[in-house]
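As a plain string of letters, each chain reads:
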Amino acid sequence: MNRESLKRIWRFARNKLAFALALVVLLALLPGSARSQLGLDPCCAIISAGLQSISNLLKSVVAQPLSAIQKTQQQNSDFEQQVVWPVAAINQARGLAVQSQGQFALLRQLFQLSVASATLPTTQKLEQGLLSGNPGAVQQVSGNYVAVYGAVPSVTDAPQPVRDLVDMTDAEAQAAMKKAVEMDALASLELQAAEQINQQLQNAAPGSAAILEAQAAAWVVRADAYNQTAIAELVRLHSVGLANEGARLKFSAAHTQTLRNNTGSTLQRGAN
Amino acid sequence: MNQPSKVLNSKPVTPAAKRLAVVLTLAFFLLPTGARAAGVTDIITLIRTITSTIQGAIGSALSEIQAINTTVRNLHEQVVWPMAVINQTKNFVSATRNQYQGVLSQVQHLPTNSATLASPAQLESVFRNGNAGGMGQVQPLFTKVYSPVPQPTDAHIFERNMMDMDDALATGSLKTTMISDQTTQTMLNLADTLEQQAAASAPGSADLLTAQARIANLENQAYLARMLAAELRQSAAHLAHENAALKKSVDSTRTLRQQMQQMLTRP
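Protein chains in written order, with our numbering: chain A, 1 to 272; chain B, 1001 to 1267.
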């Protein structure tokens, strides 16, 4: 091999070696992802271990409590549906409201039956007004009352104490009759309200029933108050009756005194 | 070693050398300086952040939610709606109902009829039977016992009116008591049904039953108002009757006085 040949060989080898070296350097300097495709990067192991750790944590720290929460929620749901608010029991209670509606309607019809019993024209007129349950009929009570029970005696017919007593007694009797008409009217309104509330109850939910209960309770308080006014009127009626008894005794005593005085005067006149 | 360098320096740039220069330049520009070392660190940091977030924020929040859920569930099951107490209460309702229902019924149905003669016994039997359907029999039976209003020829119109009014209000009140008794029985049946339902109810349906009971109570109050109205009418009529008797007495006295005056003034 001569010198020229050796030079050519060296030149060729040198070029190839430089190219290979450059390629190795280029490969070595390429980004990791490019190299990882070749399955050679140690980063893969780190990422794999990290993801595994995250997966394990998700299973233990997240999935298990979530599962427990779901279980608790399910138990809560079952408990509420089966023990606290069972649909069957709720529907049964609503059914009772439907059943009661029919009974209330029947009872209302019962109280609409006429109990009028007067047979004479004057008394029939008074009775009709008293049983009407119509507040508009209250004004007619006094006139009809006087037609049946008479008016207060005139000044010439009775002494003033007797006229006062008679007027007071008539006043209380008429007031009580008017109150009776009012009470019937109020009772009708209360029954009407009760049926309306009961209708609402048929479609109520457990959560809204308490509102209706409160409303019904308010009506009961109102009805109690009205009934109390009727009892007060009854007490007044009996008070006037008692006062009349006392007044009669007093009148009797006064008459006795007058008789005694007159008798004394007559006897004295006879002696003289 | 100097020989080749001399050869290289002395020679012009070959195509191979040019290619090498291009490759090296490209490699230089493609080189992400420090990226590899920095990428691994970032990945590790990211993984650590995710891990700590899962363990810390998410994990502890879930644990707290679970604890709260458990506490609420225990509160509901052990304190608010304990099954044992609910069942015990239902049993109590049933037991109470069984204990009192029979006694109440017996007391309520004790016979109070006391008339001994035929006509009064008939009248009493009708107005105490709690059946409003029998109201039609009251009037004739009442008349049979208390007599009818006298004929116009037999009594003054003033007295006839008073008698008729007294009879009317007495009869009307008796009829009202018949309606009231029937109503009372219906309401007692409703109360019994309510108690029965209460024994089979749930905490969530009890409010509906309570509302129903309140409505029934309101109905009762209305019927009580009707009875009070009847009592008012009757008592008022009683008072009016007494007052009318006084008026009649005044009237009689006036008539007597007028007659005496006529007698005394007669020649």
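Just so you know, the hints here were simulated from the structure itself, not pulled from any lab data.
Each residue gets a CB set at the ideal place from its N, CA and C atoms; glycine is no exception.
Be careful, since some hints might not be right.
[Stated by the list, open to error] The following label-pair restraints were derived from C-beta to C-beta distances:
{"hint": "1", "chain 1": "B", "residue 1": "1157", "chain 2": "A", "residue 2": "99", "range": "16 to 24 Å"}
{"hint": "2", "chain 1": "B", "residue 1": "1145", "chain 2": "A", "residue 2": "125", "range": "23 to 31 Å"}
{"hint": "3", "chain 1": "B", "residue 1": "1103", "chain 2": "A", "residue 2": "125", "range": "12 to 20 Å"}
{"hint": "4", "chain 1": "A", "residue 1": "167", "chain 2": "B", "residue 2": "1122", "range": "27 to 35 Å"}
{"hint": "5", "chain 1": "A", "residue 1": "263", "chain 2": "B", "residue 2": "1184", "range": "18 to 26 Å"}
{"hint": "6", "chain 1": "A", "residue 1": "143", "chain 2": "B", "residue 2": "1192", "range": "42 to 50 Å"}
Verification of the supplied hints:
1. Between residue 1157 of chain B and residue 99 of chain A, the C-beta spacing of about 52 Å breaks the proposed range 16 to 24 Å.
2. Distance hint check: the CB atoms of residue 1145 of chain B and residue 125 of chain A are about 26 Å apart, consistent with the given range 23 to 31 Å.
3. Residue 1103 of chain B and residue 125 of chain A have their C-beta atoms about 48 Å apart, which leaves the hinted 12 to 20 Å range violated.
4. The supplied range of 27 to 35 Å is broken by residue 167 of chain A and residue 1122 of chain B, whose beta-carbon atoms lie about 42 Å from each other.
5. A beta carbon spacing of about 60 Å between residue 263 of chain A and residue 1184 of chain B contradicts the range 18 to 26 Å that was offered as a hint.
6. A C-beta distance of roughly 48 Å is found between residue 143 of chain A and residue 1192 of chain B, which places it inside the suggested range of 42 to 50 Å.
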